[in-house]
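Chemist: Protein chains in written order, with numbering that gives the first Met the number 0: chain Y, 0 to 417; chain F, 0 to 417.
Hint data in this document are derived by calculation from the structure and do not stem from the laboratory.
A quick note: this is a predicted structure, and the numbers were derived from the prediction, not measured.
Honestly, I wouldn't trust all of these hints.
Identical chains blur together in the list; that is why a pair holds if it fits in one copy or across any two.
[Claimed, not checked] Under the rule of at most 30 Å between Cα atoms (straight-line distance), these lysine-lysine pairs were calculated in the DSS-like manner: (1) K48 <-> K22; (2) K99 <-> K351; (3) K41 <-> K161; (4) K41 <-> K347; (5) K282 <-> K75; (6) K11 <-> K351; (7) K305 <-> K74; (8) K48 <-> K82.
2 protein chains.
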Amino acid sequence: MNIKSFVLQKAKESKEGANVLAKLSSEQKNTALIKMAEGLEKKQKELIKENKKDIAAAQKKGLSSALIDRLTLNKKRIKEMAKGLIEVAGLPDPVGEITKMWKRPNGMTVGRMRVPIGVIGIIYESRPNVTADATSLCLKAGNAVILRGGSEAINTNKAIVKILRDAAKSQGINEGVITFLDTTEREAVMEMLKLEGIVDLIIPRGGEGLIRTVTENSRIPVLKHYKGICHVFVDRDADIKMAEEICFNAKVQRPGTCNAMETMLVDEKIAKNFLPQMLKRFKKAGVKLKGCSKTLETDASVERVKEEDFYNEYLDLILNVKIVKDMDEAMRHIAKYGSAHSDAVVTKDYQKAMRFLREVDSSAVFVNASTRLNDGYQFGLGAEIGISTDKIHARGPMGLEELTCTKFIVLGTGQLRE
Amino acid sequence: MNIKSFVLQKAKESKEGANVLAKLSSEQKNTALIKMAEGLEKKQKELIKENKKDIAAAQKKGLSSALIDRLTLNKKRIKEMAKGLIEVAGLPDPVGEITKMWKRPNGMTVGRMRVPIGVIGIIYESRPNVTADATSLCLKAGNAVILRGGSEAINTNKAIVKILRDAAKSQGINEGVITFLDTTEREAVMEMLKLEGIVDLIIPRGGEGLIRTVTENSRIPVLKHYKGICHVFVDRDADIKMAEEICFNAKVQRPGTCNAMETMLVDEKIAKNFLPQMLKRFKKAGVKLKGCSKTLETDASVERVKEEDFYNEYLDLILNVKIVKDMDEAMRHIAKYGSAHSDAVVTKDYQKAMRFLREVDSSAVFVNASTRLNDGYQFGLGAEIGISTDKIHARGPMGLEELTCTKFIVLGTGQLRE
Chain Y
0 MNIKSFVLQK
10 AKESKEGANV
20 LAKLSSEQKN
30 TALIKMAEGL
40 EKKQKELIKE
50 NKKDIAAAQK
60 KGLSSALIDR
70 LTLNKKRIKE
80 MAKGLIEVAG
90 LPDPVGEITK
100 MWKRPNGMTV
110 GRMRVPIGVI
120 GIIYESRPNV
130 TADATSLCLK
140 AGNAVILRGG
150 SEAINTNKAI
160 VKILRDAAKS
170 QGINEGVITF
180 LDTTEREAVM
190 EMLKLEGIVD
200 LIIPRGGEGL
210 IRTVTENSRI
220 PVLKHYKGIC
230 HVFVDRDADI
240 KMAEEICFNA
250 KVQRPGTCNA
260 METMLVDEKI
270 AKNFLPQMLK
280 RFKKAGVKLK
290 GCSKTLETDA
300 SVERVKEEDF
310 YNEYLDLILN
320 VKIVKDMDEA
330 MRHIAKYGSA
340 HSDAVVTKDY
350 QKAMRFLREV
360 DSSAVFVNAS
370 TRLNDGYQFG
380 LGAEIGISTD
390 KIHARGPMGL
400 EELTCTKFIV
410 LGTGQLRE
Chain F
0 MNIKSFVLQK
10 AKESKEGANV
20 LAKLSSEQKN
30 TALIKMAEGL
40 EKKQKELIKE
50 NKKDIAAAQK
60 KGLSSALIDR
70 LTLNKKRIKE
80 MAKGLIEVAG
90 LPDPVGEITK
100 MWKRPNGMTV
110 GRMRVPIGVI
120 GIIYESRPNV
130 TADATSLCLK
140 AGNAVILRGG
150 SEAINTNKAI
160 VKILRDAAKS
170 QGINEGVITF
180 LDTTEREAVM
190 EMLKLEGIVD
200 LIIPRGGEGL
210 IRTVTENSRI
220 PVLKHYKGIC
230 HVFVDRDADI
240 KMAEEICFNA
250 KVQRPGTCNA
260 METMLVDEKI
270 AKNFLPQMLK
280 RFKKAGVKLK
290 GCSKTLETDA
300 SVERVKEEDF
310 YNEYLDLILN
320 VKIVKDMDEA
330 MRHIAKYGSA
340 HSDAVVTKDY
350 QKAMRFLREV
360 DSSAVFVNAS
370 TRLNDGYQFG
380 LGAEIGISTD
390 KIHARGPMGL
400 EELTCTKFIV
410 LGTGQLRE
């Protein structure tokens with residue numbers, strides 16, 4: 000079979016799965032998720048065996064140790080995957096929820112009901128836990144998945160998918176709900192991206208390169224999470240101790256994440272009182288600092304920042320520091336260099352807090368809290384499939400609700416169009 | 000200037016406009032909309048003069064009289080355009096609305112705030128009223144528009160846009176909020192569709208061909224309204240008189256619209272009592288009937304329906320009639336041949352009503368009401384920019400809310416990520 004018909008066939012199986020899944024009760028979905036978790040734990044030996052094949056191949060290819068670490072499954076990681084499935088089973092089912100109802104002058108009642116999106120294509124890179132994590136969220140929200148994992152994890156992913164499908168089957172659920180493109184051909188992705196009308200949504204999970212390629216080639220809507228160039232603005236009216244804790248947390252707690260701070264903006268009126276102690280603390284934590292010329296006046300040991308640094312997502316213990324005239328300059332800086340991901344202000348001034356909330360156009364805007372809190376669990380969504388930097392459908396952390404859409408429902412008593 | 004830099008320049012102006020617009024008060028936006036309405040009425044002579052140029056060119060090209068009618072502006076139509084602008088000014092402003100807020104265990108409050116989408120590209124065909132209608136809805140929701148109208152209406156559209164921009168300018172609003180691609184080069188559309196990162200959303204308004212071309216070539220998210228193959232299912236437990244009124248209204252009241260019924264599905268248990276009178280009434284109204292073999296047993300004068308007819312959006316006084324075994328067969332038919340636009344059941348049975356609502360996956364699902372009611376005004380959205388048949392962001396009629404997205408806002412007291 001050629002790649003084109005192979006992918007089309009898989010997609011059709013997935014569509015059939017989606018039709019079945021949309022009608023399942025919450026209980027059926029939850030039981031299936033729990034069976035999947037049990038399957039993963041029961042078959043961990045086989046999983047680790049298959050994973051070792053991938054690791055051996057990766058080592059032979061000379062892949063980096065960071066990549067091999069991401070690829071590796073062990074008992075602990077399998078337990079985490081299983082735990083994730085059980086947690087998703089415990090979340091409320093969004094499907095069928097009526098989010099709003101209102102009455103019209105002609106007596107009919109109009110409402111919105113949450114419905115699954117349909118078939119969701121997940122394109123991801125080396126981490127095999129995505130196979131179980133993404134699947135569980137999509138299934139719970141009533142969507143079938145077509146999975147396309149990284150070629151370096153193909154044996155591991157195949158084994159995970161087999162366990163998930165067997166569990167679905169054991170509950171009388173069409174296996175098409177979890178479809179795996181078990182080929183490493185790049186062409187398979189390109190064919191999948193053309194299947195508008197069968198596949199309803201694509202979610203790429205991985206680096207910027209992957210996301211760009213998918214977006215440029217897809218006829219299907221794509222939900223993207225691009226990079227996070229996140230800012231904290233320390234206002235002249237900030238509580239200095241709080242500002243220090245927030246900035247430190249935003250940069251240092253886990254610098255490799257998309258919601259970590261890359262540039263700290265400091266109001267010139269507070270710089271003298273705030274900066275020396277703050278910079279000292281950063282240096283002590285091993286943060287490499289790059290400062291504007293005014294910052295250098297405070298601390299001559301700091302490297303001078305270049306304009307292009309402000310566009311950089313370091314994902315590392317490196318920080319730009321810029322002293323600004325006021326909040327307006329800070330907001331202009333964020334609008335120009337930011338990526339509309341996560342931005343925070345630290346201030347005691349009510350009016351400035353409200354202006355910052357309203358005017359900064361990011362997926363999450365914080366007053367007096369760390370940008371590191373932009374996360375589905377932290378926000379109480381229960382789980383997340385990613386942080387969307389898109390401007391439609393969903394912005395910020397995407398939980399189960401964001402994996403649904405709404406349809407209109409009308410309860411009439413014979414209403415006609417006049 | 001070449002087309003590529005021309006379109007890029009326009010898009011950048013629009014982006015600047017969007018940045019300004021997002022921060023305007025409701026009052027500023029409403030005043031601008033009212034000034035635009037006044038401008039249209041004041042300058043109607045100039046408008047009609049420019050419109051005559053387009054009509055003359057269309058006649059010279061030998062365009063159909065239907066097309067020329069859609070292109071034509073007269074005093075009445077200009078008044079309607081102006082009225083539309085004033086109505087939109089009267090609608091509630093969705094921007095800044097906080098749709099939900101909740102407290103997290105760590106004490107921070109998380110909420111969702113409605114925000115504009117940004118820059119919206121509208122690609123449309125001959126009807127010049129779209130220029131004012133689409134602009135007013137986008138602006139009210141805080142979005143800048145880049146308009147690309149049909150080449151046959153270029154003089155009319157230019158004149159309308161000038162009036163709208165002058166009104167914006169008179170209120171101190173950046174004219175970039177309304178940007179018009181004043182070229183008839185097809186390449187300009189293609190260039191616009193590549194401007195992801197500047198243009199945030201594309202809404203094509205027109206025939207299926209236009210929408211397909213846009214979707215296939217766009218790197219920007221597209222909100223589509225494809226065709227409506229709409230059904231009414233008359234259940235065995237229907238009120239026969241109500242069923243007759245609803246089916247008649249759904250087919251005859253305005254057959255050229257996307258929410259008109261194309262296929263009537265009738266439960267075999269009610270066919271004998273329902274069909275003869277219903278078919279008589281349709282014939283009297285000039286509806287051409289195409290029936291399944293069982294329908295032909297009731298009325299031998301009906302033409303036999305072919306399978307491909309069920310995929311047809313007639314947009315005309317033509318109707319497929321099919322007798323089905325039960326609601327399950329009806330729902331399978333809708334799932335196979337329908338376009339997930341508007342589908343209705345007529346029944347007195349509570350359980351079947353609820354099943355139909357839940358299981359039929361259409362943008363609007365009706366119990367005991369006409370499919371013709373699938374409309375933004377009828378649903379109480381105030382206005383609509385189209386009926387989305389997409390599976391993400393918005394399904395069904397799109398009003399002002401659907402022209403926004405939400406961002407997360409966090410009100411903290413120093414919360415950090417543990």
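Chemist: Compare the structure with the hints numbered earlier in the document and write down the numbers of the violated ones, lowest to highest.
Modeler: Hint check: 1, 4, 5 and 7 fail, others pass.
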